[in-house]
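2 protein chains.
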Amino acid sequence: MMLYLGADHAGFHQKEALKRFLTTRKIEFADLGTDSDAPVDYPLIVEKVIEAMDLKADQAIILCGSGQGVAIAANKFEGIRAAVCWDEKVAKETREDNDSNVLALPSRHIQDEQAIAIAQIWLTTEFTNEERHTRRINEITKLERRER
Amino acid sequence: MMLYLGADHAGFHQKEALKRFLTTRKIEFADLGTDSDAPVDYPLIVEKVIEAMDLKADQAIILCGSGQGVAIAANKFEGIRAAVCWDEKVAKETREDNDSNVLALPSRHIQDEQAIAIAQIWLTTEFTNEERHTRRINEITKLERRER
Numbered sequence: 001m002m003l004y005l006g007a008d009h010a011g012f013h014q015k016e017a018l019k020r021f022l023t024t025r026k027i028e029f030a031d032l033g034t035d036s037d038a039p040v041d042y043p044l045i046v047e048k049v050i051e052a053m054d055l056k057a058d059q060a061i062i063l064c065g066s067g068q069g070v071a072i073a074a075n076k077f078e079g080i081r082a083a084v085c086w087d088e089k090v091a092k093e094t095r096e097d098n099d100s101n102v103l104a105l106p107s108r109h110i111q112d113e114q115a116i117a118i119a120q121i122w123l124t125t126e127f128t129n130e131e132r133h134t135r136r137i138n139e140i141t142k143l144e145r146r147e148r
Numbered sequence: 001m002m003l004y005l006g007a008d009h010a011g012f013h014q015k016e017a018l019k020r021f022l023t024t025r026k027i028e029f030a031d032l033g034t035d036s037d038a039p040v041d042y043p044l045i046v047e048k049v050i051e052a053m054d055l056k057a058d059q060a061i062i063l064c065g066s067g068q069g070v071a072i073a074a075n076k077f078e079g080i081r082a083a084v085c086w087d088e089k090v091a092k093e094t095r096e097d098n099d100s101n102v103l104a105l106p107s108r109h110i111q112d113e114q115a116i117a118i119a120q121i122w123l124t125t126e127f128t129n130e131e132r133h134t135r136r137i138n139e140i141t142k143l144e145r146r147e148r
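Here the protein sequences come in this chain order: A and B. So for the first sequence, the numbering used here puts the first residue at 1; every next one is plus one. So for the second sequence, the numbering used here puts the first residue at 1; every next one is plus one.
It is worth saying that the hints were derived from the structure and are not from the lab. In this text, all values refer to a predicted model and were calculated from it rather than measured experimentally. There may be inaccurate statements among the hints.
Cross-link-like lysine-lysine pairs, in silico, DSSO-like; alpha carbons within 27 Å at most [as the list claims (entries may be wrong)]:
1) K142/A to K56/B
2) K19/A to K89/A
3) K19/B to K142/A
4) K142/B to K92/A
5) K92/B to K89/A
6) K89/A to K89/B
7) K19/B to K56/B
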């Protein structure tokens, strides 16, 4: 399992804080940018991250100012369930109920310590695998595959 | 412009509170369910709401326990930019920057008064129309239309 990281300029500094936490915990990750606070377009970063992922095993954490732009872009991809999390409770819930495989962090709305606490809960919480949740995830998959 | 509403069982009561607010403000809406707190699958409610929308003019507010399930499902549709909002600041930002056309509310994480305050800001904030934001939205559209 690989953990991919991606952020736009607004999320760059918080991504660096996350990397320090992951390194301390010996959690392997791959950072796909950005590498400064010079403006970049979040959909291009998200595209790099999602295309790198093996959906059977990998996870990703993506960051932008409000978390919304990166999450919207990521959810356009088949097999991606990206959740915008602002506290630990919602992070736990979206792993348990939605089996979210991408965590989107709203960097301008939460402190780095809060982002790390959210990531820690999200990375260590398992999907419940309950039938009602699996059924709803399968219904999302049907929405992805419908005719356009 | 029509405002569509949809919620699963976890968002049902908060949707009713929103309807009372909208009625007081004489804001027209169409409620596409659910109509009780009996369990329903959020992707089916979201599908009804999004398929009812005229993307050139309409907006929607969708509710579930964490806001994540309805937002993930909605963002699978072309032309939809659904934002999960937990406070007024992020609601304003996602209208201004992402031109979000669907508001997803985390009903089990916010009080009804907070949901109403978020909806009020979201409904009255305009997209900035700045070139950098428009460019990023167009990049999301490209992600939606890529080969699968």
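Structure-based check of all given hints:
1. K142/A to K56/B: holds (25 Å)
2. K19/A to K89/A: Judged against 27 Å, a Cα distance of about 22 Å means the pair holds.
3. K19/B to K142/A: Roughly 30 Å separates the two Cα atoms, so the pair is violated.
4. K142/B to K92/A: Not OK: K142/B and K92/A at ~32 Å, beyond 27 Å, violated.
5. K92/B to K89/A: Holds, at roughly 23 Å.
6. K89/A to K89/B: holds (20 Å)
7. K19/B to K56/B: holds (23 Å)
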